[in-house]
Amino acid sequence: MQESRRERKKLLTRRRIADAAIALFLQQGYDQTTVAQIAAAADVDPKTFFNYFGSKDEVVFEDDRYEEVLAAIRDRRQDEGPGQALARLVDGYDARVVPTRSSRDPAEQAALSRLILTTPALQARLQSLLHELQRRIADVLVEEFPDELDEVAAAAMTGSLIGALYQAALVSIERGQSRQQAQQSIRRARDIALHGLLSVPQAAQRKERS
1 MQESRRERKK LLTRRRIADA AIALFLQQGY DQTTVAQIAA AADVDPKTFF
51 NYFGSKDEVV FEDDRYEEVL AAIRDRRQDE GPGQALARLV DGYDARVVPT
101 RSSRDPAEQA ALSRLILTTP ALQARLQSLL HELQRRIADV LVEEFPDELD
151 EVAAAAMTGS LIGALYQAAL VSIERGQSRQ QAQQSIRRAR DIALHGLLSV
201 PQAAQRKERS
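Everything in the sequence shown is counted per the numbering used here, starting at 1 for the first residue and increasing by one.
Calculated from the structure, these hints are not laboratory results.
As the structure is a prediction and not an experimental result, all values here were calculated from the model.
Misleading hints may appear alongside valid ones.
Stated by the list, open to error - Capping the alpha-carbon separation at 20 Å, the derived lysine to aspartate or glutamate pairs in DMTMM-like fashion look like this:
hint, residue 1, residue 2
1, 56, 91
2, 47, 58
3, 56, 139
4, 56, 45
5, 56, 68
6, 47, 108
7, 47, 91
8, 9, 43
9, 10, 80
10, 56, 19
11, 9, 67
12, 9, 19
13, 56, 43
14, 56, 80
15, 10, 43
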């Protein structure tokens, strides 16, 4: 019980630091915010900040979902192919490419996403995380589908999907779309990545269908 109490205290302290940091980032900018300011706002010593986070960008990207994503592939149904497994992965996790904090309201989350995609240091960190995510997904795909995929095919499939989702999220944020509109855009990107470039109809075909 003592250990549980200690762990809860640590989680509360971590969340307090993160909340203080995000609030300052959104208020005055990421680059303009110092660790000392974050510590003061969270009422902790600056050394305490580094007990929980290695750097400022770790605060923004603290909620990675790698293991959940990889588990979704490993727990695939027997009748699923690699494309179906990737489709279910996206659908099951709301197609969120930009890391999110589930406790934040939609408006604040949208502001955080804009901050990430307009701050060079955070963009670089995000690109690094996405690269690692793609590599790990591709590795698991090869493990789960050894007869269907080699390393090149798995990398191409994963890169196409993650890249499409990321770019759709980026455009949605740049256009100031609502969360619902952004989800629709990401679903379109998902379909294009899953069904291939040739699935996008030519202008004449679009007119015929309209």
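Evaluation of the provided hints:
1. 56 / 91: Roughly 31 Å separates the two Cα atoms, so the pair is violated.
2. 47 / 58: 15 Å, holds
3. 56 / 139: At roughly 29 Å apart (the allowed maximum being 20 Å), residue 139 and residue 56 break the hint.
4. 56 / 45: Holds. Residue 56 to residue 45 sits at ~15 Å (cutoff 20 Å).
5. 56 / 68: 24 Å, violated
6. 47 / 108: At roughly 28 Å apart (the allowed maximum being 20 Å), residue 108 and residue 47 break the hint.
7. 47 / 91: Violated, at about 40 Å.
8. 9 / 43: 14 Å, holds
9. 10 / 80: 41 Å, violated
10. 56 / 19: Judged against 20 Å, a Cα distance of about 12 Å means the pair holds.
11. 9 / 67: 25 Å, violated
12. 9 / 19: 15 Å, holds
13. 56 / 43: Distance of about 17 Å is within 20 Å: holds.
14. 56 / 80: 40 Å, violated
15. 10 / 43: Satisfied, since the Cα-Cα distance of roughly 14 Å is no more than 20 Å.
Consistency note: the structure conflicts with the earlier hints numbered 1, 3, 5, 6, 7, 9, 11 and 14.
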